[in-house]
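Participant: All chains should be built: construct the whole structure from the sequences, respecting the hints.
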Amino acid sequence: MNIRQRRRLLFAAALSSAVLLAASACSTSAGSASSSANASDSLVVGMSLPLSGAVADVAKAGYQGYQQWAADVNASGGLLGKQVSLDVLDDGFDENAVVANYNKLISQDKVPLLLGTFSSLLNAPASAVAERQNMLYVEPSGGNSDLFTRGFTKLFLAQPATTDALPDRFVQYITALPASERPMTAAYVTQDDPSAAPAVDIFRQKFEALGIRTVYNQTYSPTTATFDPIASAVAQSAPQMIIQGAVTDDGVQFVRSLEKLNYNPKFFFQTQAPADPAFPAAVGGSNSDGIFTAVGWSPNAKYAGNADFVTGYTQKFGEAPSEDAANSYTAGQVLEAAVKAVGSLDQTALANWLHANTVQTIVGPLKWDATGVPDGTLLLGQLQGNVLQITLPEEAATTTTVISPKPAWQQ
Amino acid sequence: MKRALLRGSAKRSSRLLALLIGVLALAAYPVLSDNLYVQNMLILTFILAIGASGWNIMGGYAGYISLGSSLFTGLGAYTAGILVADFGVPPFIGCLVGGVTAGVAAALLSLVTRRTRGMYFVIVTFAALQLFGLIARNWKSVTGGSSGLAMPLPMWNIAYQDWPFYYSLLVVLLAAIAVSVLIRRSKLGTGLFAIKDDEDKASGIGINAAAYKMIAFVLGSIFIGVAGGIYAYYISFITPAGMFDIVASVLMVLAALLGGRGTIWGPVLGAFIIEPLSELTTTSFGGPNAGSFRLLFFAGILVLVVLFLPKGLIPSISEALHNTARMGALRIARGSSSSGASARTQVAGERGASAMAGDALKVSGLTKSFGGVKAVNDVSLRVGAGSVTGLIGPNGSGKTTLFNLIDGTVTPKAGTVALAGTSIERASRARRAHAGLARTYQLPRLFDSLSVIENVVAPERRFSLTRLFLPRMSGDERDQALDVLAQFGLAGFADISPSDLSYGQRKLVELAQILSLDPVLVMLDEPAAGISPALTERLTAIIRNLNGQGIAILLVEHDLAFIAELCDNVFVMADGEVVAEGTVAELTGNAVVVDAYLGEPAALGIGKVKS
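If you read the protein sequences in the order shown, they are chains C and Z. Counting in our numbering, the first sequence runs from 205 upward without gaps. Counting in our numbering, the second sequence runs from 28 upward without gaps.
If you're looking for bench data, these hints aren't it; they were derived computationally from the structure. Each hint should be verified, as a subset may be incorrect.
Stated by the list, open to error - Subject to a maximum C-alpha distance of 35 Å in a straight line, what follows is the list of computed DSBU-like cross-link-like pairs (lysine-lysine):
{"#": "1", "chain 1": "Z", "residue 1": "Lys167", "chain 2": "C", "residue 2": "Lys470"}
{"#": "2", "chain 1": "C", "residue 1": "Lys464", "chain 2": "Z", "residue 2": "Lys167"}
{"#": "3", "chain 1": "C", "residue 1": "Lys470", "chain 2": "C", "residue 2": "Lys506"}
{"#": "4", "chain 1": "C", "residue 1": "Lys520", "chain 2": "C", "residue 2": "Lys544"}
{"#": "5", "chain 1": "Z", "residue 1": "Lys167", "chain 2": "C", "residue 2": "Lys264"}
{"#": "6", "chain 1": "Z", "residue 1": "Lys401", "chain 2": "Z", "residue 2": "Lys389"}
{"#": "7", "chain 1": "Z", "residue 1": "Lys167", "chain 2": "C", "residue 2": "Lys571"}
{"#": "8", "chain 1": "C", "residue 1": "Lys264", "chain 2": "C", "residue 2": "Lys544"}
{"#": "9", "chain 1": "C", "residue 1": "Lys544", "chain 2": "C", "residue 2": "Lys286"}
{"#": "10", "chain 1": "C", "residue 1": "Lys264", "chain 2": "C", "residue 2": "Lys520"}
{"#": "11", "chain 1": "C", "residue 1": "Lys410", "chain 2": "Z", "residue 2": "Lys167"}
{"#": "12", "chain 1": "C", "residue 1": "Lys464", "chain 2": "C", "residue 2": "Lys410"}
{"#": "13", "chain 1": "C", "residue 1": "Lys571", "chain 2": "C", "residue 2": "Lys264"}
{"#": "14", "chain 1": "Z", "residue 1": "Lys440", "chain 2": "Z", "residue 2": "Lys223"}
{"#": "15", "chain 1": "Z", "residue 1": "Lys389", "chain 2": "Z", "residue 2": "Lys440"}
Facilitator: This is the structure we're talking about:
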């Protein structure tokens, strides 16, 4: 066989395997299409989620939250007399893909209802597509306040508050302390992320107004790998309180660096990281004790339906729901309430109803201003015995105990 | 011949018709269908096609691979975003200004990368992309930092769907293609292809490579910048991660490689394959599992392209189509090439005649060391105007290094070089070529991306901006070049690639090429080495003829019979120094020369010298 023949053979082999690949992909798509049935007896709700790519693990919980909501709605008789089915697309955490996907859902699949996606990065362009095409858009995340400055009338955030309200409860807690027990000095460190940095800045302004001196203030890049330099700079400035805008792994890394230096602030608040069920084990022993955080949802909160959601979800998926799962479940609840109250799929009527009414959800009662910003506040949580307890507000609190000051690190 | 021309014009008009139908179909689509999903897909395809076409001007034509194209997307987007958000400028005006910003940034980046080539250019462009991403992230007061910038929603009625985005991008794409075509057909394009093939050689024939590259980079970037602005307005939200995106950069490169790098339609075709395919995998296959399918698809495409279509789709297909036709043409060319061997070349312009008096070249005290080796040590020599001067010496005696010092390839440690009385030792290579200095190489260096005749027309006698945008080859230029080729016996090979020529023919083409510089001095590096006796004879006649027109010649050669026949005066180099000067007859009696060069007098071929 000469070289040319061999190359031709190789080419044929590669081509046929490519064709086979495409064929198998087609057959798979046929399978999944029937599961997300487009039949006339079902009401299709469309959404695009970052199921592959950088935030795939977080998005999986969000997807399961939506599935749990659809199962619950269908168990109670569906919407407008029809069973709900989900038309789910994957955008790979890509802005172009999310725009393409929502365009496809609206103009090609012609879904009658939409639900939102995850992250401000994706919700910003996706909500613009929906708004332009006059579709109601209830988003489970995307709390960046810039999203609500564009005069949209059909955008609603299904969380108790945007990130601007994240500091409220902890500031309330510190303010209520007797002056002698309040911290005198504070250090602020935050990841450069839209869900953390603006909130930490608000913290600083409010605490400075309260007379707490800022001794350290630093923003670090999302790609920061080692936190020892930042931690030792913080320790050098000897703050009595540390506020960290901790989005993911950086929360644990920073705590571990402080443990190494054995630096113990009296008060320690981290924005998102401590809400992760894996956080206490990652920082080790009982070192998570006394760390504060803000959460939009707690599995222990006493709001109607919350306990059922936690049980149902855990049974169905074999794991406890995360806050992302709860957020998408909440988004489903908001959509469901509007459709049931209005009794039609008129998008403008649905949006008008949401602007005028309060919806009871697993994160508490939600109502929105004209821009779609919820007017609630988040919950203040504290890790106690490796369990995240809610300490504020009183009506949602799961404990009356507050650990203060934070116990010293155990080596 | 006439029939071939007719066939060519028929092919051209059918191609034009296809183009027209394509454009009309794209223009009509949004009006005929209200499918916003397809409209969106086409919008994203246009953006990718603009990016790939813009990249192609630098990456395809000039061979400079940039991974930083998203830099211009980002600059266009942020310029438009800031103008719209902070200054209330209408969005589409902001997009045009974004194109200007991108163009200015490309000009600055070309200055920075003036001396970087190959892998280093890739790295610098990648680093620039990261740098600007960091600036956008940290210059919060202007860019909004990681929180991003929100653009206003389009103000037109929803009945018009996304038409303004769609049509503005279609116009930008057509403009980008038109500019690609114009560049390819202009002298700028010839220069860029020459730079891709052999940048040093291009400088040696007077092509100001830095200026060519800057213009190419700027022109490509402007379109990417405008498209970036429109993209930002369309996506409605600008973040550093989304705009200064390395994946988007790589997709532009992939589209150009898939369709055919350096071709006009390749990048466009690549974009029209990649973007819809990406959509297809995202939305039609697998639903929630689409991500995995997309990865498989793109990996598969990449593997297939690299293995089977390394040149891209368009070149591979057209090669397959034209292979048979070209073999026929070659046979015809070979048949006619033996005629016209007369060497009555008339190429020298006014310069050759005017330089008749004084020295054509005067070198004094030229010195260059490589590490501890003094390759050229205090060399002084003169080439009289209108003379043929020889330079001989054993291998490694510094002859080629001396050529490199004279033409500026290598910078001397000390010494001066004057061409026709003008000092040139500080001038760039291109400037020296403009002054009338021309050389050939031991192994001929031609531009294989250009045809033989384009190689001959490629040299540039002076740099002028307006000249760059003239057609590749005017009718006069073609006639003149054909004339020169005919006199060299190469007329039948005018329109084929030099890679199809024999070694000796390539040497002749290189000589024909440098004559286009209207040289004062021609330096020939072993012109007779490795060529047939018949060609050597033809070469001798050509050199005599050039000399007869007043062109001075400096000749390095080992064939002493050849030297003796042509040269009035000969310099001998050994160990980096000039050890003797005189006629061949004088030198053969010089013991120092004989010892340094050959060791025994017989080898000098004394018997032949007087022939």
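Participant: Tell me the hint numbers this structure goes against, listed in increasing order.
Facilitator: none
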